[in-house]
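Make the full structure from the sequences, and use the hints.
There are 2 protein chains.
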Amino acid sequence: MNEVSLYTITLNPAIDRLLYLNEKLERRKSNRITEVSYDIGGKGTHASYVMSKLGVKNLALGFAGSRNIDKFKQILSEKNMEHDFTIIDGRTTRECYIMIEPEQVSAGSIMLTEKGFHVEEADIKRLFERIKARVKAEDMVLIAGSLPTNFTIDNLRQLLRILKEIGCFIACDLSGEAIKLAVKMKVDFIKPNEFELKQLKASHESLFDTVKRLNQDIDYVVTSLGEKGSYYGYDRKIYRVIPPKVKEVNDTGAGDCFVGAFLAGLANQLSIEEIVKLASGCAASKVMNKDSSTFDVKTAMELKQQVKITQL
Amino acid sequence: MNEVSLYTITLNPAIDRLLYLNEKLERRKSNRITEVSYDIGGKGTHASYVMSKLGVKNLALGFAGSRNIDKFKQILSEKNMEHDFTIIDGRTTRECYIMIEPEQVSAGSIMLTEKGFHVEEADIKRLFERIKARVKAEDMVLIAGSLPTNFTIDNLRQLLRILKEIGCFIACDLSGEAIKLAVKMKVDFIKPNEFELKQLKASHESLFDTVKRLNQDIDYVVTSLGEKGSYYGYDRKIYRVIPPKVKEVNDTGAGDCFVGAFLAGLANQLSIEEIVKLASGCAASKVMNKDSSTFDVKTAMELKQQVKITQL
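Line order of the protein sequences matches chains A and B. Okay, so the first sequence: first residue is 720 according to the working numbering, each after it adds one. Okay, so the second sequence: first residue is 720 according to the working numbering, each after it adds one.
In this list, chains with the same sequence are indistinguishable; a pair is considered to hold if it fits within one copy or across any two.
Distance condition first, Cα-Cα at most 20 Å in a straight line; then the derived DMTMM-like pairs of lysine to aspartate or glutamate:
1) K834 with E745
2) K792 with D808
3) K851 with E839
4) K903 with E924
5) K903 with E913
Just so you know, the hints here were simulated from the structure itself, not pulled from any lab data. Note that the structure is a prediction, hence the values are computed from the model and not measured.
In structure tokens form, the structure reads like this:
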């Protein structure tokens, strides 16, 4: 693949500040930070990172604030990510704080998130024009993450219509009203978690039947039901995925990693089974790492051999 | 007072990032930040802020990193503080994070601190030259806060010698080896807390006797012993201070506020009783506020009427 054919759209990205502590976080004392590192958060960007790391050319699109754009771009380029964000003048990309304690003392992740910027109609129009100018029918587009406060469901509908008119493959990792709309508009891929799947479920319907029903209109329905395991619906059949057993350090970002690898696999025209194994292997490698995005390709390739898929 | 006659030296300042939360901080969830504000931390700067707010002209000196100097200066100017920091090229002023929960749910302050920059011998020399050029015999200088990692006790000794040679009034709000040195070099003012006083105490000596002994060589020895109350030694007599009763919201920074107001009172040539009342009133107003430096002059003036001082 020489040309870009894969795009991610992150509408509400974040500069994630990872604060590493040398002890467990305690109140009423001065907690010493030993190291600070940065990441671009907001889901779509994490998927782009995974694709890039798997050698699949892609472009990260979305909004970014002008005020801290230098820092934003610096992080993207340190992660070797191609990007073309629509810059919002006079706004600041939100910052999120993730505190990482030493493994042996950690009592669970600690994350603080800002709400994010306002976008004007003119900004939205600029982003949409950029998408129209770039994306072609044979391309794949992932919309992932939360929406800026005043980016409405109507705005999302416009965006999905634009992509539908282009005729490209549409993947969505959204929640709440946004995922409901994605379902209604019959996108090609969704990845609801248990909470989101419950939002999509009709009363008296089992979660299993919900996946089945969604798969009538949506080609790829991938879902993780926590301890109940992971399932995916493809070609109107439901499969159970048994991921490899690994030592879980931090499962934050595992879903984003899965989605990025899944789309990378699709772009490389792997079989659905190979794609799911690849994505599960990458996500399993991710949870072995402290931060929200790091995974190791070599480890992922080993782990994917241990993934088991059974048709239900 | 038209000319500056009061200086603060903050050797290891910090950009404090105050993150306001809408709920109690919990692990394993996304904690929403409702507001972010900034302050310059590092003790000396807080004292400067208090003096400025009390209308006492002063200049904040110390080190600051070049990389985030714009942000640093912006915060100082928003707080109406006069400053002339010695900029360290290629270094970043450390950042500290203070999480502020709604009063009714807070279970104690949460603070994360970075260690701070390295300073080179040349930087130290530049700061010392600046001090020699500015400070005169009739001036007062406060050295407050922690030392940069490689600013040694020997460097501090050099600094104190320079000030001794100038012949100015020397106030120190230091801890560990640094406060021990300040005592040994017979500075004019120290403000040990209970922990620091214990470091200064000889074996078999009571804390009370330690204050008495220190006061032989040091004109002003002010100490807060937590629940045991506040004491000061002046003119070889020990006084007990009963502060006004206020609703405590956050006592972080109360000591810095006390020191700033104390030196402002000295600069205005108030009586020792008036000075202690003013400083206690300001500190009491401070603890009614959520952040580390805010206090209200009007409230402080009312509260100072309630301060009781008794000679022991």
